Amino acid sequence: MNLPRAHANPLIGLSSTLLALAVSLLATVVLLVVFGSHPLSALRSFFVGPFSSPLAWGNTLNQSSLLVLTGLAASVAFGAGAFNLGGEGQVYLGGLAALAAALFLPPVWGALGILAALVSGMVAGAGLGAVSGALKARWQADELITTFLLSASVVPVVDSLITSPLFGAAGSFLITSRKIPQEFWLPGLLAPSNLHWGALLTLPLAVVFGVLVNSTPWGYRLRLLGRNRAFAQYTGLSMASYSLLPLGLSGALHGLAGALGVLGTQHALVQGFSSGWGWNGIAVALIARTNPWAVVPAALLFTFLDQASRMVVLQGQFPFQLSALFQAAILFFITAQIVRRRS
Amino acid sequence: MAPNSPAVLASLVRLSKTFADNGVRAVDEVSLELQAGEVLALLGENGAGKTTLMALLAGLEVPDSGEVVLASGQPPSLKAGIALVQQHPPFAPELTLWEHAVLGLPGRFPGKKAARSLLEASAARWGFALNWDELCRDAGPLALQKATLTAFFLHPLTILILDEPTAALGPAEARSLLASVRAWVRENHACAVFVTHKLHESLEWADRVAVMRAGRLVATTTPADSSLEALSSLLFPRRQQPQVQESLPAPAASLPPVFMAQGTRADFELRGGEILGLTSLRGEGAEELEEELTGLADLPEGRLFLAGTDVTTASIAALRRLGLSYVPSDRMGRGSSPYSALASNVIPYQVTRLAPGGILRSHSVRGYFRELAKRFSLQGEPGQRLVTLSGGNIQKLIVAREMDHGPKVLILAEPSWGLDLEARRELYRLIRQAARAGSAILILSSEPQELLEVCTRVGVLREGRLQGIRLVEHWTSELLGRELLGVVN
Numbered sequence: 000m001n002l003p004r005a006h007a008n009p010l011i012g013l014s015s016t017l018l019a020l021a022v023s024l025l026a027t028v029v030l031l032v033v034f035g036s037h038p039l040s041a042l043r044s045f046f047v048g049p050f051s052s053p054l055a056w057g058n059t060l061n062q063s064s065l066l067v068l069t070g071l072a073a074s075v076a077f078g079a080g081a082f083n084l085g086g087e088g089q090v091y092l093g094g095l096a097a098l099a100a101a102l103f104l105p106p107v108w109g110a111l112g113i114l115a116a117l118v119s120g121m122v123a124g125a126g127l128g129a130v131s132g133a134l135k136a137r138w139q140a141d142e143l144i145t146t147f148l149l150s151a152s153v154v155p156v157v158d159s160l161i162t163s164p165l166f167g168a169a170g171s172f173l174i175t176s177r178k179i180p181q182e183f184w185l186p187g188l189l190a191p192s193n194l195h196w197g198a199l200l201t202l203p204l205a206v207v208f209g210v211l212v213n214s215t216p217w218g219y220r221l222r223l224l225g226r227n228r229a230f231a232q233y234t235g236l237s238m239a240s241y242s243l244l245p246l247g248l249s250g251a252l253h254g255l256a257g258a259l260g261v262l263g264t265q266h267a268l269v270q271g272f273s274s275g276w277g278w279n280g281i282a283v284a285l286i287a288r289t290n291p292w293a294v295v296p297a298a299l300l301f302t303f304l305d306q307a308s309r310m311v312v313l314q315g316q317f318p319f320q321l322s323a324l325f326q327a328a329i330l331f332f333i334t335a336q337i338v339r340r341r342s
Numbered sequence: 000m001a002p003n004s005p006a007v008l009a010s011l012v013r014l015s016k017t018f019a020d021n022g023v024r025a026v027d028e029v030s031l032e033l034q035a036g037e038v039l040a041l042l043g044e045n046g047a048g049k050t051t052l053m054a055l056l057a058g059l060e061v062p063d064s065g066e067v068v069l070a071s072g073q074p075p076s077l078k079a080g081i082a083l084v085q086q087h088p089p090f091a092p093e094l095t096l097w098e099h100a101v102l103g104l105p106g107r108f109p110g111k112k113a114a115r116s117l118l119e120a121s122a123a124r125w126g127f128a129l130n131w132d133e134l135c136r137d138a139g140p141l142a143l144q145k146a147t148l149t150a151f152f153l154h155p156l157t158i159l160i161l162d163e164p165t166a167a168l169g170p171a172e173a174r175s176l177l178a179s180v181r182a183w184v185r186e187n188h189a190c191a192v193f194v195t196h197k198l199h200e201s202l203e204w205a206d207r208v209a210v211m212r213a214g215r216l217v218a219t220t221t222p223a224d225s226s227l228e229a230l231s232s233l234l235f236p237r238r239q240q241p242q243v244q245e246s247l248p249a250p251a252a253s254l255p256p257v258f259m260a261q262g263t264r265a266d267f268e269l270r271g272g273e274i275l276g277l278t279s280l281r282g283e284g285a286e287e288l289e290e291e292l293t294g295l296a297d298l299p300e301g302r303l304f305l306a307g308t309d310v311t312t313a314s315i316a317a318l319r320r321l322g323l324s325y326v327p328s329d330r331m332g333r334g335s336s337p338y339s340a341l342a343s344n345v346i347p348y349q350v351t352r353l354a355p356g357g358i359l360r361s362h363s364v365r366g367y368f369r370e371l372a373k374r375f376s377l378q379g380e381p382g383q384r385l386v387t388l389s390g391g392n393i394q395k396l397i398v399a400r401e402m403d404h405g406p407k408v409l410i411l412a413e414p415s416w417g418l419d420l421e422a423r424r425e426l427y428r429l430i431r432q433a434a435r436a437g438s439a440i441l442i443l444s445s446e447p448q449e450l451l452e453v454c455t456r457v458g459v460l461r462e463g464r465l466q467g468i469r470l471v472e473h474w475t476s477e478l479l480g481r482e483l484l485g486v487v488n
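Going down the list, the protein sequences come from chains A and B.
If you're matching positions, the first sequence starts at 0 in numbering that gives the first Met the number 0 and goes up one per residue.
If you're matching positions, the second sequence starts at 0 in numbering that gives the first Met the number 0 and goes up one per residue.
Hints are supplied without guarantee of correctness; some may be wrong.
Simulated coverage check for chain B against chain A, where a stretch passes if three residues somewhere in it have a Cβ under 8 Å from a Cβ of chain A [to be verified]:
id, segment
1, 321-332
2, 343-351
Residues from chain B that keep clear of chain A, each with C-beta distances beyond 12 Å, as calculated [what the hints assert, rightly or not]:
id, residue
3, D63
4, V68
5, R212
6, E287
7, S314
8, A317
Simulated from the structure, these hints should not be mistaken for laboratory data.
Owing to the predicted nature of the structure, the values given are computational and were not obtained by experimental measurement.
Glycine included, each C-beta is placed from N, C-alpha and C at the ideal position.
Produce the complete structure using the sequences and hints provided.
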């Protein structure tokens, strides 16, 4: 399996991405004009809708902050040649761990408790990712399979736990856990949108990961591993630890996304709250061509597309499926490899 | 048709082929006629161009010049009745042998029952006993070869080419296979060509023997007019001992060996400043030895010492820390990251040094590359991708990377594969330079001639075991050839 490789010349990579973006926006406009009864208002709600109110763009920013995390998670793993398809389960488990910490730590801990809950989420996600890493290191089990299967089996377990007496609200018929104490809520920004201060955490994190992956010996080794595993082994990299590391790290970032979702947005664990975050993170990583620097704009773009197509659908002119079609068209053009003859 | 001028089935007319990716002239103006009813053995050293010549004959490769003229007037192909059975026939692991065999049969798929009875009848005629329901994945190389051959016998063939058909077989199996082939040739008035490096086999089973060296056909003879001795000196001609351009000072025997294997299949002691060469025919254990000595595979028996430390079970990282450098035979798969920049390919052992404070500075990475490029006259810009370089320049970059930190031991496997004369000369100069600087050097090569040129001592690996190391002055290329082939006086 080959991922789009970062080009040796980043300008070529960037220009081909921009070209793909332009083509796909054009395709979207064509779709809107062809299918819409009022093409102009459809275009306006597509391009302006996501920024039309603090509510809309607050939600867009919050959603993209989560996608920055899951996008970084996928990028880190992909860049090192490890295919983490278990994002969904890792996010969900991270949410559960954060919920447990927030429910059972004394509320007087305040900010310290928030930190503890975020760390628990990361540890839980990292743990799940590391299991696949260990299986690969010990038995060469393909992480593509194990991450996916582990994730798929974790989801129903979490589903059943949130309504169990341990986490569930007594006498409630909603499929959600109890609310966490208000002391552990991440303070909101731009009310009434979902945006919260925790979302801002993701920007410095993206910078840190960009530096780690692109400019440290450690990141160099991870990239070497992604480019040619046999060469990385030949230079003396420990295959055991470098199987564990990228998957563990990727899992930690997924877990953090889950924890932020619980502490910042839902303040409880609602069943299926993070559905799609893991997969969309993979899409973001592909748009960013696994470069951490590019994950932030890619996540913003992806969220914008998501929100914009929802806006158009909400306006009632378009069938619900069309929103998926817009996204598919754009993803298709961006991830399509520009095949060039090797000289 | 007169009985003493047999029908010519195919004429190879001045065929030449140069491979664009490494610039090697694999086949050089070869002309040869294949006659009906004959078995022809094609002999040659590794890399002599045998396989390429056969691919040209089968129509699988297109010659740069010259042509293959068939009696039927058709261009060469399976359809024209020419089949090539590769040494390792490609297969789909999840298919059964019978499915493998019927793939590519001309005409409509005959259906399971009909196909099986066809195959079984054909196999029985040639004396092959096969379990047709076995998966290709589980079948050994012999079964795969026989199944492939059985399938080919269903085609209306006139010329059958077998590339090293007996390389993986024991003597009894080899006999039965070659006997079947000969019977098929005689019965169908067809022609079979088998590529081999086993001299006795060609004398026993062939009607004619053709010998290739460095892309050229140097002789065709018959077993009656030839002998093991004669063939062996055709393959490895008596040459003047090459002049050692710069003689290396002999290392003091009192020095402790820096690299040593004890109780293994290939025991040796290697001191600083020495260049030891081990040669073998392909498939006689050099590939395994390459991995065992460099920490990529476990030693099956014995112990290995590097700089006085027992490194039998040491990790690759530990070996490298102790001063082992290694230029692998698989340059693109193992020795480099082809789609990364040149700079990324030279810094794996320098990254910590180039990252003061933990941050890799791109100007120091580029600076390091430029400095290395200057010292070893490497081509290219630091940001250029490795695949854009020629084979010779890629090898030079790998050698430079491995030599840069003054290794205690430098292992090179097939260092000059695919390199032209100029690149080889440069490579040998670098190797001698490293030896003079005190490195102990071990070269694994299937080209005996190159070892005679660069090494101070040379040994031969045959059937996976080392047959004895001698000073280079005590070898001639003829002696080496005999030792390689196991021709005993």
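Against the earlier hints, flag every one the structure doesn't satisfy and list their numbers going up. 7, 8
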